[in-house]
Every structure is written in structure tokens, then in C-alpha cells.
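> Whole structure, please, built from the sequences with the hints as guidance.
Respectively, the protein sequence lines represent chains A and B. Positions 1 to 365 (our numbering) are the ones given, in order, by the first sequence. Positions 1 to 365 (our numbering) are the ones given, in order, by the second sequence.
Think of the hints as simulated: they come from the structure by calculation, not from any bench. Computed from a predicted model, the values in this text were never measured in an experiment. Cβ coordinates follow ideal geometry from the N, Cα and C atoms, glycine included. It is possible that some hints are incorrect.
Stated by the list, open to error - Heads up, incomplete: computed chain A residues facing chain B, CB under 10 Å, no partners named:
(1) Glu260
(2) Lys287
(3) Glu302
What the hints assert, rightly or not - Incomplete in silico selection of chain A near chain B, CB under 7 Å:
(4) Pro70
(5) Phe105
(6) His108
(7) Lys266
(8) Arg267
(9) Gly298
(10) Glu299
(11) Tyr301
Number of protein chains: 2
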Amino acid sequence: MQIKVDKKEIYNGIKTVSKAVSSKSTLPILSGILMEAKDDKIKLVGTDLEIGIECSINAKVINEGNIVLPATYLSNIIKELPNQDIELIVDEDNNAKINCNLSEFKIHGFPADEFPLLPEVEAGTQYKLEQQTFKNMIDRIKFATSNDESRPFLTGGLLLIEDQEIKMVSTDSYRLAYTELELNKDLSFNKVIIPSKTLSELSKLINSDEEMKILVTDNQILFEFSNITIISRLIEGQFPNYNQVIPNDSTTEIKVNKKELLNATKRASLFVKDNSNIIKTSFKNNKLIIESTGSKVGESYEEINTSQQGENTEIAFNANYLIDVLKVIKNDQVLIKLSGGLSPGVIQESNNDDYIYVIMPVRST
Amino acid sequence: MQIKVDKKEIYNGIKTVSKAVSSKSTLPILSGILMEAKDDKIKLVGTDLEIGIECSINAKVINEGNIVLPATYLSNIIKELPNQDIELIVDEDNNAKINCNLSEFKIHGFPADEFPLLPEVEAGTQYKLEQQTFKNMIDRIKFATSNDESRPFLTGGLLLIEDQEIKMVSTDSYRLAYTELELNKDLSFNKVIIPSKTLSELSKLINSDEEMKILVTDNQILFEFSNITIISRLIEGQFPNYNQVIPNDSTTEIKVNKKELLNATKRASLFVKDNSNIIKTSFKNNKLIIESTGSKVGESYEEINTSQQGENTEIAFNANYLIDVLKVIKNDQVLIKLSGGLSPGVIQESNNDDYIYVIMPVRST
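Next up, the structure:
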């Protein structure tokens, strides 16, 4: 194998596929990146067997071939090289020689045929979607997945495609995030759970307004956008019936400035009792009052003007669950719907029905 | 005590003095910041008993008084407050009430008279110096101090004032950094060792071109600049005779591009044997060759064009010691002076004699 490639081009490719490379795999070859040179392209692949990321970059292929090189070393070397063409030559013993300007590196590689093949994802249902739109949906739900490995079906986000809509849902059983997208065209039904790591990497790698391709099979999901392909396993199991969790009506409804609410909640969370993280909120005559007490250090009282409809009420929340959603909401105003202090609260963007966040109340002491 | 103060003003003050607040002190009151309100000023003080930082800010003092409040809480609350006036009221039981807009916080404080007094530094020798000039001197030497607590006199930087010059020196016995400043006026003699933490905080806090005042006594040193005063203990002991360490002559002298040398050294350091960090350098016919071998991953070879005078030679260095100084040097070109592979090497800015860095050779294997 012998190639010439632009430094920036290959560095970006390596950074991209490195996101799938596991630092703590027991299989040494998985700490490497597969490089395949063919037809004036290099295909780079990284995988931890759960998720695989492929990236295709342009190169001058002098001799076709392939090799697996250690991801961290490769990335660190190329990062420090000048912005010039890099030549890579691989011999029969899987030793790679990298030349750039007056630098030369020899790196021991692994034979490419020992690298696990990413599964071929071919027969499946295919969808097309604008990249940023999908990223926005992911960002709205990815933070509410569970870390509890004993209930794996909560450790990912549900992707539900039915009729003319794409829906995404996540819950850790203390809060639930739901977002939907109306596409105005009939779509084949699908209902799968995507691991939260896959959602995070997708969100980080999507960087254009162009269309992306999503291909769903029984066990795998494939995302294709720009020069990147991500293949991920799906999580088995039955996702909870989220419709039962989203309240249909409310007895109190307020509109409030998002930034004021976010900053007040952050301040109040400094005075929570030990690590409970509980803040008390009162909705009273066009005022939202946030109180936290019980900390050894002191206590806090916050008052925010709101526009309220319905009854006055009180409810206690985990401050972090409130902060998480307020960081994601893009609208200046949020809508909070409550049905007393013992029923779940709903937070939405005001004038916007496509994002619903449900947060369970906690008992305040 | 009752004051009104601008949010940004007090936040900056708190951030400044927090640098001296210890997070792991056994004395709870030292986790706090002393606030003293008097004559339309608030004096903020933080100390870990080794270093004390004072900052004076403008405020409307309604009632004079003082209190000690927990630094982290204070800083976190005020950070999240809107950019408005903050009112602080302290009652007789050392409880502080902070009001801003519609937020109210109650924080339990400590009585101010239990806070350790910073030593009065009055009788001493006084010097005046441009702030940025002094910061530049500190940055040139602070990274070469030792962490070895068994030789405390190496854990700080020497400040030597004699004749018409200010000199600063540091060494960890593997390398030595020396910088001097010619002031063209006679100065009182002084020779003290400043703790490396003090040097770091000074470098971070200096942010103007104006003059600063330095006051030296037997045990303490005081720095006064902008609205900040830093008082630090001095380190006792005899600093090594650095003149003996700086070589007087050389048999090889090269000029080389700093950035090329820095990047090549960084790349070479990726291939060092285990954690030895040793790279081999050869100076040969206007070329500098850097090689590292012995790593399991591979090896590297770097060639850089130089302008050489004198003999060809070879020498091995700790790569990090080379990287450290190259990061600080501002000049595009560096001058390297050698006397064979067993004598210390000297690195300087080319065309500039006021900074000398001496680096010990290591035995390469």
C-alpha cells in the first residue's frame, strides 16, 4: 500500500473515526484504525463492536492495500505535522512508514484481515432527512436517557417512525423527553432503540444542512451523511409506553422567560440539602418562586415574573432535571403545565408543540 | 455591614482573591473570603497562610463592617446573577443576606476577627517595575522550578536584585532558566526565593502595562499592582550558584526555526522508550536530526535545516525540557550552543542575551 494524502484531510478523517475507537478494549486491534486504499480513496474505519464509524477521504493511491494503525499515535503524529502532503507506505510485514517534509515515522501496524468487519447493512427500510433537523431532535432527547444497565431499554433513545411522523423519546423514569417531526409524506413503520453513545456521536459529527440517509434493519441502524457512515447496533427490549406518561391536561399553565428561569434554578441548586438537589417551586399570582433550604451554607429565594393561567400551586423538582431541558430549549419563552404538586409537570417551548418534556415531582422535606 | 456593589466589580474581585483560597485547609475559615467595608471601598482578602491576595473594589458602603463568607458559594452565586447592583447586608450573628433583583440568598458566615491577619509588610526595600516586563520574566523561569519538597530552596524562583539589574533564576537540577533585566539605575541589593505558586498567581493576575510596586523584607514579599496586593512568604535556604551552571563557551552553535523545532520535538516525543522521554539529537552540517527509538509502537526521524557554526556533535535530551522552553520563547529563531554530548546545552533567543536556558544531557541507550 502506498498513498499520498493531504494532512488536513486525513487528520479530520482520523478524528472522526477515532470517536468509535475504544480506549479500553481487550482486543488490541480495536485500538487501531483500519485504512483501506482503493480507487483514489482511503476508507478509514474505527469500531468498538457496538458502533462503527467509517469515513472516506480523497487520496492519491499509488499502490492499493490496507493496514490497521494505532489510533492515538496516528492522530498525535499527524496533528503535529505541517500542512503538507503526507506519504504513507506499508510493507508486507504491516510496518507503515509515514513521510512528510523532512519527518519520517515507522509505526508497527496490525494486519487488516484481523480487523472485525462492520456488518453489511443492506436490506432495511430507508429514510431521508435533513441533517440539522435530525441533530436537533437528538439533542432534545439524548440527555434524558438512563445510565442504569439493568434496564438496557432505557439506556438509549426510541426512534419511532409511523404514518407521516418521526418521533424520538427518551426517559430515565424520573423525566421523559419527547420530540416529533411531521414530514407530510407516508413513511414505513419502524420502532427501534438507539444507544445513547450513538446519539452523542451522531450529534457531534453532523455539521451540514444537507440530507442524510438512515437505514434501519432488525438489529442495526446505519446513518450516512457527508463522507461519513455510522453503523450501530440497536438495543433490544420494549420501550415504555410514553403516551401514558405525558399528561393530557393541566390545572396551572405559565409562561416564563427561559434565561431567567435557568439562571435562577442554577443559583437555587447551590443551596440544596446535601446531594438531594431538590428545589421547591411555587406558582402564585403571576409569580414563580423558587426556594432551596436545608444546606449548611444558607438558603435561597428567587422570584420570577410569569404570565399565569389557572390555579396557584406548589411542586418540588430535582434542579438538574430542570436545568438540563432549559439548556436545550432554543425559544426565549417556556411554557410550564402543572396539575398540582403530586402529578408530573410538563415543560415545552412556548408556541411550539413538537417538544414535550415531562418531569416527575419529588417530595420536598 | 450593608453595601451596594456592581455585580461585575465584585465578581472579578472574588475571582482574584479566590486564587489564594485553599480548598483543602484544615481551618474552615480559610475556605472563606474576608470582606471589609469602609470608606466606599470593599477590601476582599483570601489566604492559605502561604500567600495572601487582597483586592479593593468600589462600593456604596451604607454601614461599615466585615464578615468572612465561603469563597466557592459566593463565587458561584454571584456568577449566575444578572448584571445589576447587588446588596449585601450582614447581621450581628454573621449571617449575610444577598439581594439582587428578585433573588435573595442567606449565607452563614464566619466572624471577621477570626480570620488570620495578613502580615504587615512595611519596612523593606521597595522597587518599581513595569507589570508586563515582570510577568515576562516570571513566565520565562516559573516552569523550571522543582517539585521536590525535600529541597525547598529549589521549589521557588530566585529574585536577585544587584547593581542595576533584576535577575530571576530557577532550576530543578536537570535544567536551569535565567533571565535578566537591565534597569539603568542603581538598585538596593536583595536576594530572595519566591514560591512557585506565588509566581504562577502573579503571572495570571498581571494584566496591564502600568507600574507595579515590589516590597521585599526578610521573610515576606509584597506585590502591589492595579487594585491588587499579593503578600507571600519567602522560601528560606541558599539558592545554588547558577553562574557555575551556565557554560561560558561552546564548540557548536546553531540557529534554527523555533516552531519547526518545537513541532518536531513534540512528534519525536511520541516515540520515546516507555516514559524515559529521551530523544537523540545530532547537529551535522547545517542539519539538526532528531531521533527517537525504543518505543513498542515505532520510531521517528526528523530533519531540520539549521545554520551551524563549529563542530558536528550529538546529544540526548529529555524532550519535555526542550518543549517547555520552546513554548515560552517569543523569538522566531533560537540559538543552541553545545560543547559535545556530555556537557550541558544552552538555548537562547537568537539576537537576545537576556534569557538563558541550560539543559543537562542524558545518556541515551
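> Against each hint, give a clear statement of whether it holds in the structure.
Here is how each hint holds up against the structure:
This hint holds: glutamate 260(A) has a C-beta 8 Å from the nearest C-beta of chain B, less than the 10 Å allowed. The interface hint given for lysine 287(A) is met, as the beta carbon of that residue sits about 9 Å from the closest beta carbon of chain B, less than 10 Å. Annotation: interface hint on glutamate 302(A) holds; nearest CB of chain B at approximately 5 Å, less than 10 Å. Taking 7 Å as the C-beta contact cut-off toward chain B, the hint placing proline 70(A) at the interface holds, the least distance being around 6 Å.
With 7 Å as the threshold, the beta carbon of phenylalanine 105(A) comes within range of chain B, its nearest partner Cβ sitting at about 5 Å, so the hint holds. The closest approach between the C-beta of histidine 108(A) and any C-beta of chain B is roughly 6 Å, which is under the 7 Å cut-off, so the hint is satisfied. Given hint, lysine 266(A) at the interface with chain B, holds; its Cβ is 5 Å from that chain's nearest Cβ, closer than 7 Å. The criterion of a C-beta within 7 Å of any C-beta in chain B is met by arginine 267(A), whose closest approach is roughly 5 Å, and the hint holds.
The closest approach between the C-beta of glycine 298(A) and any C-beta of chain B is roughly 4 Å, which is under the 7 Å cut-off, so the hint is satisfied. With 7 Å as the threshold, the beta carbon of glutamate 299(A) comes within range of chain B, its nearest partner Cβ sitting at about 5 Å, so the hint holds. Evaluation of the tyrosine 301(A) hint against chain B yields a held restraint, the C-beta minimum of about 4 Å falling below 7 Å.
Of the numbered hints stated above, none is contradicted by the structure.
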